[in-house]
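> Heads up: the protein sequence lines correspond to chains B and V, in order.
Everything in the first sequence is counted per this note's numbering, starting at 24 for the first residue and increasing by one.
Everything in the second sequence is counted per this note's numbering, starting at 280 for the first residue and increasing by one.
Worth flagging that the hints you see were computed from the coordinates, not collected in a lab.
On a predicted model such as this, the values are computed, not experimentally measured, just so you know.
Worth double-checking, as some hints may not be accurate.
Unchecked claim - Derived DSSO-like pairs: lysine-lysine, alpha-carbon spacing no greater than 30 Å straight-line:
| hint | chain 1 | residue 1 | chain 2 | residue 2 |
| --- | --- | --- | --- | --- |
| 1 | V | Lys-595 | B | Lys-245 |
| 2 | V | Lys-539 | V | Lys-564 |
| 3 | V | Lys-459 | B | Lys-245 |
Unchecked claim - With beta-carbon atoms standing in for the labels, derived distance ranges:
| hint | chain 1 | residue 1 | chain 2 | residue 2 | range |
| --- | --- | --- | --- | --- | --- |
| 4 | B | Gly-44 | V | Pro-466 | 45 to 55 Å |
| 5 | V | Gly-356 | B | Leu-29 | 38 to 48 Å |
| 6 | V | Lys-591 | B | Val-47 | 41 to 51 Å |
| 7 | B | Lys-245 | V | Asp-411 | 22 to 32 Å |
| 8 | V | Pro-387 | B | Leu-70 | 44 to 54 Å |
| 9 | B | Leu-54 | V | Glu-318 | 34 to 44 Å |
| 10 | V | Lys-407 | B | Gly-44 | 36 to 46 Å |
| 11 | V | Lys-408 | B | Lys-146 | 24 to 34 Å |
| 12 | B | Leu-70 | V | Gly-404 | 43 to 53 Å |
| 13 | V | Pro-387 | B | Thr-147 | 37 to 47 Å |
| 14 | B | Ala-124 | V | Ala-300 | 38 to 48 Å |
| 15 | V | Pro-466 | B | Gly-37 | 51 to 61 Å |
| 16 | V | Lys-463 | B | Pro-110 | 47 to 57 Å |
C-beta: ideal position from N, C-alpha, C; glycine also.
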Amino acid sequence: MVRRVLPGFGLSLGITLMYLGAIVVFPVSMLVLRAAHISFAQFQIILLSPRTMHAIGLTVWTSFVASSINVLFGFVVAWVNTRYQYPFKRVVDALIDLPFALPTSVAGIALTAGFSPHGWLGKTIETTFGYQVAFRPLGIIVAMTFVGLPFVIRTLEPVLKEIDVEAEEAGASLGASKWQIFSKILFPSLLPATITGFTLAFARVLGEFGSIVFISGNMPMKTEVVSLLILSKLEQYDVVGAAALAAVMMVISFCLLMVINGFQVWYQRRFFEASSS
Amino acid sequence: MKRIVWLLLIMGVGLQGGLYAQATLLNVSYDPTREFYKELNPKFSAYWKEKTGISVTIQQSHGGSGKQARAVIDGLGADVVTLALSYDIDQIAKKANLLPENWQKQLPNNSSPFYSTIVFLVRKGNPKKIRDWSDLIKPGVEVITPSPKTGGGARYNVLAAWQSALDRTKSEAKANAYLKDLFKHVPVLDSGARGSTTTFTQRGIGDVLITWENEALLLTLEKEKGQFELVYPPQSIRADIPVAVVEKNAKTHGTSRVAKAYLTYLFLPDGQTIGAKYYYRPKDKRVFDTFKQQFPAVKMITVEEKFGGWDKANAKFFDDGALFDQIYTSR
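All chains should be modelled from the sequences, with the hints used to inform the complete structure.
What follows is the structure, encoded as structure tokens:
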């Protein structure tokens with residue numbers, strides 16, 4: 024038996040379960056209970072209304088695009104940050120965490136000011152590319168990208184640090200091309216972390232509210248996201264409808280996290296078996 | 280360690296005993312009343328101390344009217360509520376039974392010390408020549424108004440617009456068509472009144488902002504002097520600003536008497552004058568007359584006379600699948 028620093032398994036597991044129970048399971052089960060009162064027919068009416076369908080569709084695809092953007096650029100940022108030393112690295116490091124720290128409504132106001140048709144960036148983009156950013160789905164993507172930014176970077180960084188530079192050097196000395204080193208050595212070890220980062224960012228922005236209400240324009244059937252729809256149901260004292268929508272979003276997030284976890288387990292098993300055989 | 284805890288406990292009890300002649304009130308209000316109550320509360324405290332010898336501290340909570348009502352329903356211990364819509368207070372009475380359903384009969388003037396109305400805020404010089412509701416749907420005019428689904432106050436905007444169209448065209452179908460047309464001129468639906476004000480004044484979007492008179496007066500006379508003009512449409516809607524004691528909470532806290540006195544103070548000339556200073560129309564005739572040049576006469580309809588109260592208005596316009604939703608889902 025290994026001596027552990029902290030006392031007993033029983034105590035620590037007990038605390039874990041109590042903690043998760045009070046903070047996560049209890050409130051979530053209240054939501055499920057509320058939603059459970061709804062008959063299936065009601066559920067259908069709420070979910071299949073064109074406005075809801077549109078909001079869900081919009082939220083999912085903009086979240087997907089925003090998280091994909093974050094994967095692409097997050098990889099570059101994480102790479103630069105772990106492999107190179109450069110001046111003001113600490114400032115850049117702090118900037119990456121800023122979306123974590125900033126209240127999202129502040130972010131929303133700031134982004135809207137910058138990207139609105141009269142804002143400095145928004146005006147430039149509109150005159151050069153012909154796209155209006157704020158009050159369009161593009162604006163939602165911008166806000167979501169901002170909010171999800173740290174997730175990919177912060178999950179990739181420790182993994183990138185762990186990878187032995189020797190493995191790359193060995194590959195190079197055995198005559199592997201740069202592309203081969205990337206695809207055979209770096210990519211397989213980075214893939215799980217990348218997917219985790221993507222999922223975290225995706226699940227986070229799926230429910231994002233604070234920053235999006237300002238920049239999206241909130242037009243039904245155009246730029247209305249699910250979190251706003253939930254709020255507008257609550258504003259009409261329609262707790263049941265809000266609970267139904269919230270439950271659906273929760274199920275989507277939960278399934279997504281389960282699928283990703285399953286993939287991780289499968290991938291790790293395959294990867295380790297392949298490397299040990 | 281234990282000793283310190285005991286010490287703190289004893290100190291806590293002692294403190295409470297020492298300040299016995301002290302009452303605390305929680306006033307749960309909506310967003311734009313922040314400055315008003317900041318000025319009013321110390322004046323009421325002084326008045327109450329002089330009258331009874333008890334010093335009273337008033338705590339404020341501000342937020343969207345509907346959200347605040349829901350917080351009270353869910354257990355926020357408000358002694359008094361001062362919200363934007365009587366409908367929100369109705370919901371507290373109906374869903375949580377914290378006050379009688381006839382709360383509007385408990386204080387003068389349907390329990391509304393002030394009222395306001397809906398006006399247009401346009402850019403300086405009124406370049407698009409917006410004078411009436413029908414001007415809002417002229418080609419090229421962009422209108423800023425919050426979503427009536429999320430901002431309770433914005434429902435007044437919709438009702439006033441619709442009624443003006445009905446009176447002009449004498450046809451409900453045409454009024455519905457007008458409303459649909461109107462929202463085609465709305466490029467951004469903010470979730471609340473302050474959000475729309477920011478969109479219009481700070482982002483520079485839109486030609487006209489449909490907003491409360493008190494917000495518009497605050498902007499034209501103080502905050503953004505000289506940039507905007509206030510336009511009164513020939514007909515608007517009367518928005519009573521209701522207040523109520525949350526009787527069950529007040530009883531539990533032992534604050535029933537001071538809570539009632541606090542709200543009654545709003546109807547006294549002092550309270551009325553402070554309200555008028557913050558551009559709420561006072562119900563008191565004498566106070567109103569002193570501020571007459573600030574509040575021009577406007578023909579105002581009411582939700583009760585034209586729509587039969589909020590329940591009916593909501594069912595017809597704002598519930599899921601009702602008129603407002605149809606504007607966006609059927610094209």
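> State the violated hints by number, sorted upward, taking the hints as numbered earlier in the document.
Numbers 10, 13 - these are the hints that the structure violates, sorted from lowest upward.
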